[in-house]
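Q: As a plain string of letters, each chain reads:
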Amino acid sequence: MNEIVQFENVGLRYGAGVETLSDLSFTLYPGSFYFLTGASGAGKTSLLKLLYLAQRPSRGLIRLFGEDAVTMSRERLPGFRRRIGVVFQDFRLVPHLSAFDNIALPLRVSGVKEKDLTTPVAEMLDWVGLGDRAEARPATLSGGEQQRVAIARAVIGRPEILVADEPTGNVDPEMAVRLLQLFEALNTLGTTIVVATHDIHLLSKVPGAQMMKLEKGGLSDPTGSLRNPPLPRDRA
Amino acid sequence: MLSLFVIPGHDRRLIPEGRLSGPMPWVIAIMIFLMVLATATGLAFAEAGRNVSDQLSSRATVQIIQANPDLKAQQANDAAARLRGMALIEEVRVLPSEEIEELIAPWLGQTAGIQDRPEGGSLLEDIPLPALIDLKLVRPAGKKELEALRAAIKPLAEGARVEPSSGLIAPVISLVQSLQWIAFGLVALLAMATAAAVIISARAALNTHKETIGVIHLLGGTDRQISRLFQRRIALDALLGGLLGLVCGTAIILLLGMQLSALGSGLVQSLGLSWYSWLIIGAVPILGMTLAMVTARMTVMGALRKIL
Ligand SMILES: Nc1ncnc2c1ncn2[C@@H]1O[C@H](COP(=O)(O)OP(=O)(O)OP(=O)(O)O)[C@@H](O)[C@H]1O
Ligand SMILES: [Mg+2]
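Read top to bottom, the protein sequences are chains P and D. Numbered per this note's numbering, the first sequence spans residues 1 to 236. Numbered per this note's numbering, the second sequence spans residues 237 to 544.
Keep in mind that the hints are not guaranteed to be accurate.
Partial pick of chain P residues on the chain D-facing surface, computed with a CB cut under 7 Å [as the list claims (entries may be wrong)]:
# : residue
1 : A54
2 : R81
3 : V94
Think of the hints as simulated: they come from the structure by calculation, not from any bench. The C-beta atom is built at its ideal place from N, Cα and C for all residues, glycine as well.
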């Protein structure tokens, strides 16, 4: 079993009405870097929600880390979610917690000891350029700063899959490149990356990345990467 | 139990507690206060009922009904002598006729006195009063004991009746018992109201922190980790409210107790509380707190289970 994510004829319908996503079939391979594009409202966030187990599909089959994620019992979900890092489109920082505590949250949820988490969290804060804002509450941070905290929180636990929904929407182009480098560094360590974005300039910044495009609820596959395992990325 | 209170500060900040700012500790305090009072009332009635019936259950009365006063006195004396000889009897007292008249006068009204009657003579003289013998038995007067007494007296006085004294006060005892059960029923209702208040407040707290709960879930937090945060908060509320309710309730019971013993009369005197009643009263806040926490946990876990 080589694939890390597998969708087969997946459909998602919110309430009644037409399917937001229909007949999605694709495979993601470990250690690859994927971009997910599509017009606003095409269903990018919806697809990612299925991926990070925030939503069960209306039909179809999803396999995650080789296991059926559709019929998986509630009790097993936390264990799987800890293997997935998520940058939410709307950040979802905990308002009462400082930047430091927000970033430390996944580690604490997984039971990492206090003495073992101060250094990695401080390093991560430095990485995203917020070393001096460790004690700031989300409300006192700018949109871009909040986004960087959200990214730091998503990557701190070295997840096996990183799902990022529009992670560079609120930062300047320089910071965007810096954050992409963070994702690439993580990718080099073996994490599978899925980034949803509007920003086509971003795509060219990651050589060898695969592309997925959502259109009218269906998936098109311009690089053909979803049918075949991608070639090793050119990291020249 | 202790682990409920030792949650690290960063976890506590996840769900800001705002302790004592909300109405919950006060609601619990009022509920516990009322429960303590109702429990004490119920227990006091239970004890009073028990004391009174204990005192009366070993007593019996012999009535000798005989129109001829001389014969009546004769029979009463014979019966008393016979009863004194019985091993079953601890104490025998023939009531003097003045005492019987005193007992009966209130039933006939004040006007039954001698002076109001034109012919002179008392109404009491016209009514054939029975002779009364008050008995104290060595053990409670059951059916068997009463039969033995009847058998002993029958040959001496044909028209004699033997009644257990508790029969006279039975309506009072059953009233006291009803009051006791009403008090315990109130405790049950208050417990239900407390549980309802906890459910409402737990749901409100869950709703307020819906976003945070969602994030913790998606970061891999378990229901138990999340419910622990809420339980701690409710445990603290319940602890504070329970203590406050207990202190106020106990103060009022003691105050009432002092006032009652100042009155110092029969039934009221027996309204004391024994040490095990105090134990039960002390357990009320603990049970109330446990109820609050169990309800909170069930509410929170139930609500979390509905979220994916
Ligand atoms: N919880 C929901 N309930 C009902 N409809 C929803 C829900 N979430 C999304 N939708 C609908 O599904 C469609 C796809 O939404 P989605 O958020 O996945 O789009 P998107 O591609 O992420 O858009 P954007 O680029 O603006 O973030 C939209 O039409 C939206 O109205
Ligand atoms: Mg979106």
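Q: Given A54/P was flagged as interface, is its beta-carbon under 7 Å from a beta-carbon of chain D?
A: This interface hint holds because 6 Å falls under the 7 Å limit.
Q: Interface hint check: V94/P, Cβ to nearest Cβ on chain D, cutoff 7 Å. Holds or violated?
A: holds, 5 Å
Q: Any CB of chain D closer than 7 Å to the CB of R81/P?
A: holds, 4 Å
Of the hints listed earlier, there is not a single one the structure fails to meet.
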